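Using the hints provided, position chain F relative to the given structure of chain C.
Here the protein sequences come in this chain order: C and F. In this text, residue positions in the first sequence follow the working numbering: the first is 1, and each later residue adds one. In this text, residue positions in the second sequence follow the working numbering: the first is 1, and each later residue adds one.
Be careful, since some hints might not be right.
[To be verified] A few chain C residues that face chain F, going by a derived Cβ cut-off under 10 Å, partial list only:
#	residue
1	GLY168
2	ILE178
3	GLU228
Hints are computed from structural coordinates only; laboratory data are not their basis. On a predicted model such as this, the values are computed, not experimentally measured, just so you know. Glycine included, C-beta positions come from ideal geometry on N, C-alpha and C.
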Amino acid sequence: MRRILLALLYFLGAAVTLAFLALPLLAIFVHVSPGRLVDQLSNPVVTDALIVSLKTTLIAQALILLFGTPTAYLLASRRFPGRAACITLVELPLVLPPAVAGIGLLAAFGRFGLLGSTLGLAGITLPFTQAAVTIAVAFVASPLYIRQAIAAFEAIDPDLVAASRTLGAGPARTFFRIVLPMARGGLAAGEALAFARGLGEFGATIMFAGSLQHVTQTLPLAIYAEFEVNFDVTLAISALLVLISAALLLSLKLTLLWQPSEQTSRSRFALSSWS
Amino acid sequence: MATLRADFTLPLRTFELELALEVDRTVALVGPSGAGKTSVLRAISGLACPPRGRIALDGDVWLDSDRRLFRRPDERRVGLVFQEYALFPHFTVRQNVAYAGKDRADEYLERFRIAHLADARPTSLSGGERQRVALARALARGPGVILLDEPLSALDAHTKGTVRAELQELLRELALPVILVTHDFEDAAALADHVGVIVGGRLRQLAAPHELVDRPADAFVASFTGANLLRGKARPVDDDITLVQLETGELVYSTDRGEGDVGVVVYPWEVSIGRLRHEDSAMNLIQGEIRSVAAVGNRVRVRVGPITAEVTALSAEKLELARGGTAFATFKATGTRLVPLG
Chain C
1 MRRILLALLY FLGAAVTLAF LALPLLAIFV HVSPGRLVDQ LSNPVVTDAL IVSLKTTLIA
61 QALILLFGTP TAYLLASRRF PGRAACITLV ELPLVLPPAV AGIGLLAAFG RFGLLGSTLG
121 LAGITLPFTQ AAVTIAVAFV ASPLYIRQAI AAFEAIDPDL VAASRTLGAG PARTFFRIVL
181 PMARGGLAAG EALAFARGLG EFGATIMFAG SLQHVTQTLP LAIYAEFEVN FDVTLAISAL
241 LVLISAALLL SLKLTLLWQP SEQTSRSRFA LSSWS
Chain F
1 MATLRADFTL PLRTFELELA LEVDRTVALV GPSGAGKTSV LRAISGLACP PRGRIALDGD
61 VWLDSDRRLF RRPDERRVGL VFQEYALFPH FTVRQNVAYA GKDRADEYLE RFRIAHLADA
121 RPTSLSGGER QRVALARALA RGPGVILLDE PLSALDAHTK GTVRAELQEL LRELALPVIL
181 VTHDFEDAAA LADHVGVIVG GRLRQLAAPH ELVDRPADAF VASFTGANLL RGKARPVDDD
241 ITLVQLETGE LVYSTDRGEG DVGVVVYPWE VSIGRLRHED SAMNLIQGEI RSVAAVGNRV
301 RVRVGPITAE VTALSAEKLE LARGGTAFAT FKATGTRLVP LG
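Just chain C, same shape as in the assembly:
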């Protein structure tokens, strides 16, 4: 009797949790007809936001890959004083409230900011431009990639790197032929997470870049801006973002599934806390 009661309790708990998580997502799609949702996607507010979002996110991702990969490799493969502090610094934006990140970016790159005044002298103004959106996205999304990349690089057997060196390969050939291919599953996973996080960025962007249609208004910002103007548009954008997020998550899971087990086993564990 008690065992049946306990099983019922488990079942009830799971049912409530799953329903709670699924309901808002479902509501987006059932509130208006699919036809109207598709119609709303041609609204200039939506197309402008989509273009701004894709452009800034893609540039931010390129920057994250370009700078984050060597950073992660350095932190993963070298032991030096201050390494732990560096890793904490890299992870800090993860736990930082987005509004604080926005203020921080303004204080650094704003017109009267730490670097902003110097940039101003050179004729560069960052806040409230697309560059500002890109910076905000890179700031909040990079930790997801770098964290994952460190785990992926650390999971590589150091003997393989050593073997490559004794077989006559220099550091560059070793990195591109051995290290990078072996870490690629973990790197792709981190990149997918960073992409999803960047696409959804809101708080830091609105503080640092504002919400100007066609210039800095990304998809999440458009949802907020259109909320009291045209609810159907906000629903359409939301539906679009749900689909993109789901696709990202699915492709992420598939890349991990296709990884030969000995390559990224450790990074898969690291990922489980995020996916």
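Leaving out everything else, chain F in the frame of chain C:
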């Protein structure tokens, strides 16, 4: 034939590795785990950088701390075979070998009889096959020195015998300086012309295997070569004979000289086993309980009290040796060595 000369110190976590070695044939470094054996290979291959020393293959200097010269691993002509082989899992067998030398990959695949595995992934190979890939890959680079880290430890007992024989032949054919590291004295004696016993980062003794057996420098070397080591206190009886009172109480005569705390070294094959006490020329007799009887190939190892003897399977059967019974172990005074303890 080329000669590798290495003389360096390398600080490790708990002690300093200090080594001077000249290798023109095959040298095996044996010792307990954590003795610094693998670090020797890392230093020679350039994976570790000794702060002081000199390493050179004939006139080709790889490390010279006086001249602040350090050649990176990829600039040294070494073929290092890792203990777990370190094959690249994302490459096929052919790609693994070609990574070290594109032009000669197929030649080495043939030579090591792994051509039929060329397109296989390393993870699908057996231990013996993996080792052949690792050897082919190391040689495809055209090394001037071969370094083998525990070449047989990753193999099961069944494969080990075959692989050891193959390796023996290969090392003879190659005619290159070879340093191999192992914790097994028997493997070392089978594969190498010279065996160096290394403990705590120091080379205790470097000699031909039979010399290590005949004249171990100290107690550790003796026990490592498989000898019985009986601790005791020695006092000379006359010019020719020393009497040792063992810690376990028995008295043992030796033709070696010694005084004070010593180790009596006696090899298992020098010890005879009997069920009855009988008089013969052997001066040493230890009575004790048979503690274990274990077959090793065609021989049987019998432990009587503190001492292990090796007898033929036939005599073990004839004497009806079994655990728990009493037996007498006898050995000649001339069959013992006295070594300092340490």
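Hints and how they fare:
1. GLY168: Holds. Min distance 5 Å.
2. ILE178: Hint on C:ILE178: holds, closest Cβ of chain F at ~6 Å, below 10 Å.
3. GLU228: Check failed: Cβ of C:GLU228 comes no nearer than 54 Å to chain F, outside 10 Å.
When the structure is compared with the earlier hints, a violation turns up for hint 3 alone.
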